[in-house]
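Turn these sequences into a full structure, and let the hints guide you.
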Amino acid sequence: MAAESSTVAGTQAGGRRDGLWLLVLWIVLSIIGCLLVLLVWGPHMPPGDQSTSAASQQFDYRVLGTIATPVVVGILLYIGWALTFWRQKPGDETDAAPLHGNITIQTTWIAGTAAIVLFLAAFGTYELIQPAGAGAGQGPQPIWKPAGTTTSSITSWTPGGSNILQIQVIGQQWAWTYRYPQFGGFETTQLMLPVGEPVQFNVTSLDVIHSFWAYTLGVKADANPGLNNVAYTTAYHTGQFQVRCDELCGIWHGSMYDTGDVLSVSAFLKWTQATKVHLAALTKILPPYALTYDPTNIPAGKINTALGLTSAGGGYYNPADPEQP
Amino acid sequence: MSLPARAATLVVAFLAVVAGVVFVVVEFIGAQPSVENYTSYASGGQVNVTMMTTPETTVTNKPDWVSYFIKNPSTGNFDHTTYFAVPANTKVNVTILGYDGCTPLRNPVWGQVAGTIGGTENVSYFNGKTFSPTQSVQTFDSWANCAVQHTFAIPTLGINVPVASPTTVAENNALCGTAPCVADNANEAKAPHAVVTFSFMTPKTPGTYRWQCFVPCGGGYLDGNGGPMSTPGYMAGEMEVQA
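Residue numbers (numbering that gives the first Met the number 0), protein chains in the order written: chain A, 0 to 324; chain B, 0 to 242.
Hints are computed from structural coordinates only; laboratory data are not their basis.
Honestly, I wouldn't trust all of these hints.
[Claimed, not checked] Quick partial rundown of chain B residues pointing at chain A, CB under 8 Å, derived from the structure:
#1 Asn106
#2 Gly157
#3 Val168
[As the list claims (entries may be wrong)] Pair by pair, the computed Cβ-Cβ distance ranges are:
#4 A:Ala110 x B:Val17: 49 to 59 Å
#5 A:Gly307 x B:Ile28: 30 to 40 Å
#6 A:Gln239 x B:Phe27: 31 to 41 Å
#7 B:Asn92 x A:Gln239: 29 to 39 Å
#8 A:Ile142 x B:Thr57: 53 to 63 Å
#9 B:Gly127 x A:Leu247: 43 to 53 Å
#10 A:Ala266 x B:Gly157: 18 to 28 Å
#11 A:Gly307 x B:Gly117: 34 to 44 Å
#12 B:Asn60 x A:Gly123: 47 to 57 Å
#13 B:Leu9 x A:Ile115: 47 to 57 Å
[What the hints assert, rightly or not] Pairs of lysine-lysine, DSBU-like flavour, derived with a Cα cap of 35 Å:
#14 A:Lys301 x A:Lys283
#15 B:Lys90 x A:Lys275
#16 A:Lys275 x B:Lys203
#17 B:Lys128 x A:Lys301
#18 A:Lys283 x B:Lys128
#19 A:Lys269 x B:Lys203
#20 B:Lys189 x B:Lys61
#21 A:Lys301 x B:Lys61
#22 A:Lys283 x B:Lys90
#23 A:Lys301 x B:Lys189
Since this is a predicted model, take the numbers as computed values, not measurements.
Just so you know, even glycine gets a beta-carbon here, dropped at the ideal spot from N, CA and C.
Right, here's the structure in full:
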């Protein structure tokens with residue numbers, strides 16, 4: 000810092016005013032860089048703008064990228080300038096000028112960086128709750144919910160109403176399944192959303208910890224066994240999106256992905272009705288809809304009970320078993 | 000020891016370590032079960048693939064693990080592998096001889112047949128003496144009934160087929176005790192089992208598709224998904240679709 004202040008403030012023997020040149024170049028390049036990041040690169044930054052949460056995250060990256068640009072430009076410019084003009088001349092073994100602090104530059108530097116960090120802290124905190132948790136899992140009792148929505152009914156849903164659409168995400172080694180309690184509680188391997196309607200994801204797991212990551216929707220929530228993790232989003236556009244598991248969950252973790260689809264509201268309703276009918280027999284044997292499930296406690300039938308199978312497969316974990324992984 | 004000798008010793012020791020690492024990677028970590036290639040056996044746009052599930056894997060050093068076996072189309076023997084190859088855009092007629100006993104599914108959703116032609120599977124039960132009439136089934140309730148032993152699922156193709164199990168207590172207590180459960184052992188061949196048949200179309204483009212069982216049948220492992228569930232060649236494998 001002291002070296003920088005001494006050098007920037009100085010004038011080279013040839014008469015070139017480095018400090019002035021650096022300042023002017025820094026301002027010009029920063030303005031150009033900021034405009035490029037904000038307006039050219041920004042709209043293409045991940046995760047895109049397919050949903051409220053994705054667009055919010057993209058906005059955050061644009062702001063952060065724009066703020067970081069002058070810093071990056073300043074560092075690169077300073078390094079480039081030093082390498083170009085401040086190189087040691089061949090045969091010149093004299094010491095450089097002694098360094099002295101520059102209270103003005105030091106104060107400006109500390110105040111500037113402190114202002115940036117404090118702004119980022121405030122901006123990040125605000126953005127965390129806009130919109131409604133920014134797509135991240137908020138645990139079983141979410142603090143922030145989409146404005147104007149309620150959870151007045153988990154057995155019915157009407158487009159355009161305040162009652163939010165509920166979709167349960169169930170992780171298991173190694174696949175995702177999705178349950179729609181407001182449409183009879185059917186469970187399927189397909190994930191469909193209506194465009195323009197707020198959605199509440201209730202994320203849980205039947206075995207180990209997974210992480211539901213609908214990347215281009217900007218939604219990411221850990222799937223924990225015995226716990227409901229709530230995340231929200233509203234899709235802006237129809238089209239496909241990718242779902243991945245983002246928590247190493249075993250040998251086939253890398254294969255645990257899906258392709259979801261954002262449909263028009265009418266197409267979504269048509270799909271739910273058709274799927275409800277198609278899966279009617281399966282829905283009857285599913286456990287009643289709940290926010291979490293315990294596969295080790297099932298209503299086993301007579302023969303299963305006679306065979307000692309009162310728990311679902313995998314419920315026989317015995318810590319004393321010598322054959323542990 | 001002279002400098003050249005020390006240098007040579009160092010190089011030899013380094014190469015020995017590298018060779019050891021390569022050997023471990025190739026022989027153990029990278030080892031893959033053999034592939035049963037059915038491609039050349041396809042005819043008229045169809046190919047027949049036969050598999051078997053067994054409650055034990057006595058042909059390996061893990062005899063208490065459950066496992067799939069696949070019939071070698073050339074020799075007719077059941078080999079201990081879960082890797083097979085079939086041609087693209089072909090109707091695959093699968094027969095699974097299910098010799099294991101029932102286990103309640105961790106998620107009953109896997110009791111639904113999906114992705115097969117007609118959306119069903121055909122099941123016939125052998126009680127040790129006679130076969131039951133073949134019936135078409137779409138949904139199994141593995142909690143209420145002793146109905147499912149394993150599943151054959153290819154998630155990326157939307158295929159899920161529950162493998163029916165022997166249905167009585169007596170049958171479940173008289174399961175095949177050696178693997179594979181073949182006719183050269185008269186007693187094992189008479190073990191109670193289910194014969195499950197179904198068909199599906201392979202994709203038009205070549206590729207490799209992972210398949211797995213969704214009954215966590217790795218008894219003794221956390222959530223049942225370790226051991227045979229996490230070891231290629233037992234309860235998971237790959238279907239290679241060839242051009």
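Problem set entry | Violated hints, by number in ascending order, as checked against the structure | none
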